[in-house]
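Given the coordinates of chain Y, assemble chain U onto it according to the supplied hints.
Top line first, the protein sequences correspond to chains Y and U. Take 427 as the starting number for the first sequence in my numbering and just add one per residue. Take 427 as the starting number for the second sequence in my numbering and just add one per residue.
Think of the hints as simulated: they come from the structure by calculation, not from any bench. For each residue, glycine too, the CB sits at the ideal point set by N, CA and C. There may be inaccurate statements among the hints.
Unchecked claim - For each label pair, taking beta carbons as the anchor points, the in silico distance ranges come out as: (1) U:R666 - Y:A535: 22 to 30 Å; (2) U:S601 - Y:E531: 29 to 37 Å; (3) U:A535 - Y:R636: 21 to 29 Å.
As the list claims (entries may be wrong) - A few chain U residues that face chain Y, going by a derived Cβ cut-off under 7 Å, partial list only: (4) R471; (5) R544; (6) L617; (7) S631.
Stated by the list, open to error - Chain U residues, not near chain Y, derived (Cβ > 12 Å throughout): (8) N571; (9) L593; (10) A663.
Given next are the chains, with one letter for each unit.
There are 2 protein chains.
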Amino acid sequence: MSERIWTAALLVIGDEILSGRTQDRNVAQIGTWLNVQGIRLREVRIVADDQDAIVEAVNILRARNDYLFTTGGIGPTHDDITVDAIAAALGVSVVVHPEARAILEGYYAARGGINEARLRMARVPEGAELIPNRYSGAPGIRFGNIYIMAGVPHITAGMLSELTGTLEGGAPLLSRTIGCMVAESEIADLLGQMERTHEGCQIGSYPFFREGKVGANFVVRATDQARLDGCVDDLLAALRAANFDPVEGGI
Amino acid sequence: MSERIWTAALLVIGDEILSGRTQDRNVAQIGTWLNVQGIRLREVRIVADDQDAIVEAVNILRARNDYLFTTGGIGPTHDDITVDAIAAALGVSVVVHPEARAILEGYYAARGGINEARLRMARVPEGAELIPNRYSGAPGIRFGNIYIMAGVPHITAGMLSELTGTLEGGAPLLSRTIGCMVAESEIADLLGQMERTHEGCQIGSYPFFREGKVGANFVVRATDQARLDGCVDDLLAALRAANFDPVEGGI
Chain Y
427 MSERIWTAAL
437 LVIGDEILSG
447 RTQDRNVAQI
457 GTWLNVQGIR
467 LREVRIVADD
477 QDAIVEAVNI
487 LRARNDYLFT
497 TGGIGPTHDD
507 ITVDAIAAAL
517 GVSVVVHPEA
527 RAILEGYYAA
537 RGGINEARLR
547 MARVPEGAEL
557 IPNRYSGAPG
567 IRFGNIYIMA
577 GVPHITAGML
587 SELTGTLEGG
597 APLLSRTIGC
607 MVAESEIADL
617 LGQMERTHEG
627 CQIGSYPFFR
637 EGKVGANFVV
647 RATDQARLDG
657 CVDDLLAALR
667 AANFDPVEGG
677 I
Chain U
427 MSERIWTAAL
437 LVIGDEILSG
447 RTQDRNVAQI
457 GTWLNVQGIR
467 LREVRIVADD
477 QDAIVEAVNI
487 LRARNDYLFT
497 TGGIGPTHDD
507 ITVDAIAAAL
517 GVSVVVHPEA
527 RAILEGYYAA
537 RGGINEARLR
547 MARVPEGAEL
557 IPNRYSGAPG
567 IRFGNIYIMA
577 GVPHITAGML
587 SELTGTLEGG
597 APLLSRTIGC
607 MVAESEIADL
617 LGQMERTHEG
627 CQIGSYPFFR
637 EGKVGANFVV
647 RATDQARLDG
657 CVDDLLAALR
667 AANFDPVEGG
677 I
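Only chain Y is shown next, with the shape it has when bound in the complex (with noise of 0.2 Å):
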């Protein structure tokens, strides 16, 4: 079970999600995704439109990743700087890219022409490839293992199933959850030691107060489906031998 286990980390760029104007829903959409790709999302930064922040952020989590995502910034306007950030971390010049500028000279033909602001999207790394982007014409960028993609989240839902299936994984992390109406305090000692004796297998612990009452759910994941389901099934039947009513799939 000592099988290689794929990274990535987002880097999340934004005043507006530090500022907490717009709640950010990426972390949640491409930690998921990448669930699926076999790769765990290891860490994630959220800095602002900061060129000096996003480099420091580029150059740690790209060496340290198998993958690095980051959303935000690439759009026409004066705060959109994950381009030139990006080349400026990576050494390189920026430069228009043919088929970029293609697609938005296609894409605004019939909304209004194409601007130097709307040309600003064109612009990537120098070397770096296009990831099509189907709602709104201007692409995302890949470099190496940089992908570098919109951030308004549907955008970069439509990106990310582009990219669906083309990278490099392992065994995808499987779960089940198991919800209890119990205390998570009262039973603490118990999961500790399930976790313990599964090997390959970790639980996590979600409390949750609803309707006056506390409960929790139970979370098993591994990449093994024997051992998950055999963790769940100790931990379903020491559940019930307390009398705590286990519910499968969580509550």
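What follows is chain U alone, placed relative to chain Y:
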């Protein structure tokens, strides 16, 4: 206008955020709250329940920001390792805080009594103070410029409200929003020029697509009300002059 800017970092701790199982709410909640305290959320990291990852992030973030907030990993179960990891980062021991112990004994008196797992939530880095938790007993923890908070958003909110007004900050960041049914790429030049000619103001452009039409909200931010209003007035005038029909307050 060279006033001191107070900054904070946020470290979100939890496998469930990275896996996509749980949608984070604390970045936006804490970013918004910090603005009101006159403090900017400058950077966020999200890491797994992994001691090395927590230690690395804590030591970098606490050194280069006025404040470091953490959320998650302070519950009673085996995957709650935040206190131990932060104590390791600080090079101090973990001790049971007598006041936290008393709080938990009181809280659990009518809930099955204290046990070893529940007592885990009284453990703090040696020398720490407590942050009251009005909802579920187990307190948050302050050590120097580090604020260790719960991960469940409504419990975090209760802790934040205890801290309101207690942190030294600068002038709150003010903002006003203007919405327009225009593609941001049509007025990118105008926005860049407005920002350059209004010192102390920053303009963010946030496009949207609704009911078949494109539009954008422009958020002007400044710490000085007169400068903010001056920039907004000029931007409104320019948008009206171009017949773009701007909407104060945003769309």
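Status of each hint after checking the structure:
| no. | hint | verdict |
| --- | --- | --- |
| 1 | U:R666 - Y:A535: 22 to 30 Å | holds, 28 Å |
| 2 | U:S601 - Y:E531: 29 to 37 Å | holds, 35 Å |
| 3 | U:A535 - Y:R636: 21 to 29 Å | holds, 23 Å |
| 4 | R471 | holds, 5 Å |
| 5 | R544 | holds, 4 Å |
| 6 | L617 | holds, 6 Å |
| 7 | S631 | holds, 4 Å |
| 8 | N571 | holds, 18 Å |
| 9 | L593 | holds, 16 Å |
| 10 | A663 | holds, 19 Å |
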